[in-house]
Amino acid sequence: MPVGLVIVSHSDAISRGVVELLGQLAPDVRVKSAGGMAGGGLGTDFEATSAALADAETGSGVVLLYDLGSARMTAELAVESLADPNTAVLAEAPLVEGAVAAAASAQGGDDLRTVADAAERATGGTVEEVGQPPTEDAVADSGESTVTSPRVHRELVLENEVGLHARPAALLARALTGLEAEVTVVAGESSADARSVLGVMGLGARKGNRIDLYAAGPDAEQALRRVVELAERDFEG
Amino acid sequence: MPCTARDAAAAVRRGADAMAEHRDELVELDRAIGDGDHGENMDRGFRAVVAQLDLADPPTPGAVLKLVATSLISSVGGASGPLFGTAFLRAASSAGEVEELDGATLAASLRAAVEGVVSRGKAEPEDKTMIDALLPAVRAAEERATSGADPAEVLAAAAEAATTGARSTVPLIARKGRASYLGDRSAGHLDPGARSVALLLAAFADVTGVE
Chain D
1 MPVGLVIVSH
11 SDAISRGVVE
21 LLGQLAPDVR
31 VKSAGGMAGG
41 GLGTDFEATS
51 AALADAETGS
61 GVVLLYDLGS
71 ARMTAELAVE
81 SLADPNTAVL
91 AEAPLVEGAV
101 AAAASAQGGD
111 DLRTVADAAE
121 RATGGTVEEV
131 GQPPTEDAVA
141 DSGESTVTSP
151 RVHRELVLEN
161 EVGLHARPAA
171 LLARALTGLE
181 AEVTVVAGES
191 SADARSVLGV
201 MGLGARKGNR
211 IDLYAAGPDA
221 EQALRRVVEL
231 AERDFEG
Chain C
1 MPCTARDAAA
11 AVRRGADAMA
21 EHRDELVELD
31 RAIGDGDHGE
41 NMDRGFRAVV
51 AQLDLADPPT
61 PGAVLKLVAT
71 SLISSVGGAS
81 GPLFGTAFLR
91 AASSAGEVEE
101 LDGATLAASL
111 RAAVEGVVSR
121 GKAEPEDKTM
131 IDALLPAVRA
141 AEERATSGAD
151 PAEVLAAAAE
161 AATTGARSTV
171 PLIARKGRAS
181 YLGDRSAGHL
191 DPGARSVALL
201 LAAFADVTGV
211 E
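Just so you know, the sequences run in chain order D and C.
Its first residue numbered 1, the first sequence is counted upward by one per residue in UniProt numbering.
Its first residue numbered 1, the second sequence is counted upward by one per residue in UniProt numbering.
Since the hints were derived computationally from the structure, they do not count as laboratory data.
Glycine included, every Cβ here is placed at the ideal spot set by N, Cα and C.
It cannot be assumed that every hint is accurate.
List of simulated lysine to aspartate or glutamate pairs, EDC-like, C-alpha gap at most 16 Å [stated by the list, open to error]:
| no. | chain 1 | residue 1 | chain 2 | residue 2 |
| --- | --- | --- | --- | --- |
| 1 | C | Lys176 | C | Glu126 |
| 2 | C | Lys176 | C | Glu160 |
| 3 | C | Lys66 | C | Glu97 |
| 4 | C | Lys122 | D | Glu92 |
| 5 | D | Lys207 | D | Glu232 |
| 6 | D | Lys207 | D | Glu159 |
| 7 | D | Lys207 | D | Glu161 |
| 8 | C | Lys66 | D | Glu92 |
| 9 | C | Lys122 | D | Glu232 |
According to the in silico footprint, chain D covers these stretches of chain C (three or more CB under 8 Å from chain D) [to be verified]:
| no. | stretch |
| --- | --- |
| 10 | 69–78 |
| 11 | 158–166 |
Based on the provided sequences and hints, a complete structural model is requested.
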C-alpha cells in the first residue's frame, strides 16, 4: 500500500479541499483530513489529528502536512504520541503544493522518507512568463550539474484528452524521480519546472497544444526520453 | 514540606480557579494583540482538567501533571494547547513516578517544562511569549532549590519571577505567534501567554504556601 497522508489545517474546509484535490491525482493514496475544532470552529484538534493519523496508516507510514504555526505543534504532538513515532513524518512544505508532490510520490510507490522529501522540495509552483524558450545560459545557471552536460530539447503535441491536467502532471513529476536533470516545460508564453505539479497544471496546456521540453544535467537525455514515452502512452500511468 | 499528589492536584485546581477568575482579562489581553480566544481556551482547558481530576485519583505528582497535559492537549485549540500541554507533559516526565517532589525535583520539572515549550514553539527570550515569564521563573526556582528550599518556597520564588517576567513583555515587539503579524504595534501590551504562566504559578504557590 502507498504511504498515507494527513492534512492538518485550522479549517475543515481547507483540509477537505486538499483531500479532494489529491483524490483526483493520487486515487490509490489514503489521504485523511484533520481540519478545524471538534465543535466546528477554527483551530487544530489533537484528537482528530491522532485519529486521522491512525486512519491514514496502511503499514507504509504517514506523511503529515500542515497550514499554520499551531497546526505544526498539534501535528508534532500527535506524531510523538504514536507507539512508534518513526512511522510518521511531518513535512515542512507549502500545504497545497507539498501535498500534491507528496501524493504524486506516494502514488508512485515511494517510501516514507522519499514521499516526505518530495513534499519538502515542492516550492509553490511558480509559473514564469518567458516569451521565448530559456537560453543555454539560463538553463546552465540553474544548477551546477549542467555545466558539463549539454541542454536537451524535445517538442511534442499533447494527444491525451485532458492535456497537462492534475493526473498527467503528477505522472510527469513522478517520471523524473531519481534523475539528475533540471527539466522545464514550456507551453505558449509560460514555463514551469516539470517537477512542480501545480506549476505544470498552471500552464493550462490542453489536447492538441504543442509543448517544448528542455532538460539539463547528467540525466537530461533519459529524463526527456521518459517524458516523451509517457506522452506517447497518453499519460496512462 | 514535600509536594505530594494531593498537593499537586490541589494546586492544579487552584490554577483552574485562577483561569476562570481571569478569563475576561486574558480575553482582553489577547484581543489587543492576538485573536482574543486565549482566556476562553485556558478556562475551557482547565475546566476539562478539573473534570478529569474528579474522575481519576492520580497516585503521584507526575501522574497529576500528565493528566493536566493530556486534558489541555485534547481540549485547548490554538497554540496554547500544544504549548501548555507540552510544558506539563515534560514536567510529568521529569517528575517520574516518585511519591513526593522536593524543592530540587520540582525545580527540575519546571526546567523540563520550559525546555519543552522552547522546543515546541521555537521562541527565544524577548520574543514576547510565555517564555518571558517561564524562563525567569525556572531560574528563580533553581536558585532557591540549590539553597535547600522546599516546594512552597521554590514555587513562591518562581511565581514572583514569572509576574515580573510577564510584566517585562509589555514594551516588547512580538516575534512569535499571531501577535508577531502586528509588528511594532504589538508593543505596549502584556503578552497573554506570559500572563497565564504568571497566574498559574501564583495559584500553585498559593496552595503549597498554605499547607
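Each hint tested on the structure:
1. C:Lys176 - C:Glu126: 10 Å, holds
2. C:Lys176 - C:Glu160: Violated. Lys176 (chain C) to Glu160 (chain C) sits at ~24 Å, over the 16 Å cutoff.
3. C:Lys66 - C:Glu97: 11 Å, holds
4. C:Lys122 - D:Glu92: 14 Å, holds
5. D:Lys207 - D:Glu232: 13 Å, holds
6. D:Lys207 - D:Glu159: Holds, at roughly 5 Å.
7. D:Lys207 - D:Glu161: Holds - the C-alpha atoms of Glu161 (chain D) and Lys207 (chain D) are around 6 Å apart, at most 16 Å.
8. C:Lys66 - D:Glu92: 29 Å, violated
9. C:Lys122 - D:Glu232: 50 Å, violated
10. 69–78: holds (count 4)
11. 158–166: It is violated, with 0 qualifying residues against the three required.
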